[in-house]
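Enquirer: Each chain, written out:
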Amino acid sequence: MPMKGRFPIRRTLEYLQKGEIVFKKTVKIMTVNYNTHGDLSEGARKFVFFNIPQIQYKNPWVQIMMFKNMTPSPFLRFYLDDGEQVLVDVEGKHHKEITQHVRKILGKSDKVLEAEALAKMELSNPANFGPKKYFLRECMSEVEGQVPHPGLVPLPKEMTGKYRAKLAAVSDD
Amino acid sequence: MLRALSRCHDPVFRLLAPRSTVLVETVRGRKSRTDPKAKSKLGRIKTPPPVDPVEMVVLKERFTEYNLILRALRLEFKEQVLRKKYEDEVGSAAEERAKREAEEHRSLMAWNDAENLRLRKIREQRVQKEAEEAEMKRREAVLLRQQELENYIKEKERQIIQLQEEAKDFITLDNLDQRIEEALDNPKNYNFAIDKEGRIVKRTAFQ
Numbered sequence: 001m002p003m004k005g006r007f008p009i010r011r012t013l014e015y016l017q018k019g020e021i022v023f024k025k026t027v028k029i030m031t032v033n034y035n036t037h038g039d040l041s042e043g044a045r046k047f048v049f050f051n052i053p054q055i056q057y058k059n060p061w062v063q064i065m066m067f068k069n070m071t072p073s074p075f076l077r078f079y080l081d082d083g084e085q086v087l088v089d090v091e092g093k094h095h096k097e098i099t100q101h102v103r104k105i106l107g108k109s110d111k112v113l114e115a116e117a118l119a120k121m122e123l124s125n126p127a128n129f130g131p132k133k134y135f136l137r138e139c140m141s142e143v144e145g146q147v148p149h150p151g152l153v154p155l156p157k158e159m160t161g162k163y164r165a166k167l168a169a170v171s172d173d
Numbered sequence: 001m002l003r004a005l006s007r008c009h010d011p012v013f014r015l016l017a018p019r020s021t022v023l024v025e026t027v028r029g030r031k032s033r034t035d036p037k038a039k040s041k042l043g044r045i046k047t048p049p050p051v052d053p054v055e056m057v058v059l060k061e062r063f064t065e066y067n068l069i070l071r072a073l074r075l076e077f078k079e080q081v082l083r084k085k086y087e088d089e090v091g092s093a094a095e096e097r098a099k100r101e102a103e104e105h106r107s108l109m110a111w112n113d114a115e116n117l118r119l120r121k122i123r124e125q126r127v128q129k130e131a132e133e134a135e136m137k138r139r140e141a142v143l144l145r146q147q148e149l150e151n152y153i154k155e156k157e158r159q160i161i162q163l164q165e166e167a168k169d170f171i172t173l174d175n176l177d178q179r180i181e182e183a184l185d186n187p188k189n190y191n192f193a194i195d196k197e198g199r200i201v202k203r204t205a206f207q
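So the protein sequences, as listed, match chains A and B.
Using full-length UniProt numbering, the letters of the first sequence map in sequence onto residues 1 to 173.
Using full-length UniProt numbering, the letters of the second sequence map in sequence onto residues 1 to 207.
Among the hints, a few may not be true.
[Stated by the list, open to error] Partial pick of chain A residues on the chain B-facing surface, computed with a CB cut under 7 angstroms:
| # | residue |
| --- | --- |
| 1 | Asp89 |
| 2 | Glu91 |
| 3 | Ile105 |
Keep in mind the hints are simulated off the structure, nothing from the lab.
Everything numeric in this text was worked out from a predicted model, so none of it was measured.
Cβ coordinates follow ideal geometry from the N, Cα and C atoms, glycine included.
Extracted from the complex, chain A is given alone in its bound form:
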């Protein structure tokens, strides 16, 4: 499968998961107005090209729209839950500056993200056994160092029930 597009790294999971911006719950729509030519829109163009995939991956329920060549200067507009609109001017900025700015005003902070990850971990206890879909292991025999399943590896003679029964019968006699 050949690589598609100019910077196919943008399509890799690793790149997408490295996205920094996770929006707060109140952000519903994000709109980017930028121009295809011109020096001042360069940062906005790069932002759209490199960072928007990461943002959409991390926020699948936020609607992101791009508008080209509608206004002389580029800007971002966020529409929040309570009807508030946040305007961010990005004329002449570098795309990294834009991401940091957006993260500061509308992104969840590191502490909040960590707390959320911790809460999510608490839901799934690795010590539980059950179907592979929900838990790590189904049976104790899958753990390293434990007695393996007799269906895969035959048990040693001394552990089988019939040998023990035979021994018990012989010792009784």
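Model the placement of chain B on the given structure of chain A, informed by the hints.
Expert: Only chain B this time, still in chain A's reference frame:
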């Protein structure tokens, strides 16, 4: 395993599912419904195990007590979880948290507005500068055009004057005879060579 399979994402619903129902399915084993009973089991009369009444009474009491305690514990834990959820969403701490978040949001919006203002000032200055430059260029262009026009006019005038000067030496019908006489009287010798500087180097004799 059944519990895991029927897991809902909302833990509250999971907790409130009835726990008194028996979660055992009947298992048929190897034979189906239509298979007849085994011949060895023809005369078998299944009798339940005998019950000791004294033991029964004692066990019943113990079991009621045990069930009571366990049920109480379960309900306690359920209530704790529900209370925690309620507190998270609609509680005193939640209100403070919401207020704090609103404060932070306001401050961040203010910071964003300040940033926008700063960029706006820069943009206005740039636009102003560009307008001035355009104005200057326009004026210069006008001047240049004027200058060119004047130069053109001057050149044309010079050419007219030069022509007038030359017109004095033209050969007309009046002085035709006179000029012919002059030409015949003064033969011109064009047999000369020049070097790169334009000076005449050699002259050969007129023939």
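Enquirer: It remains to establish, for every hint, whether it holds in the given structure.
Expert: Outcome of the hint check:
1. Asp89: holds, 4 angstroms
2. Glu91: holds, 6 angstroms
3. Ile105: holds, 5 angstroms
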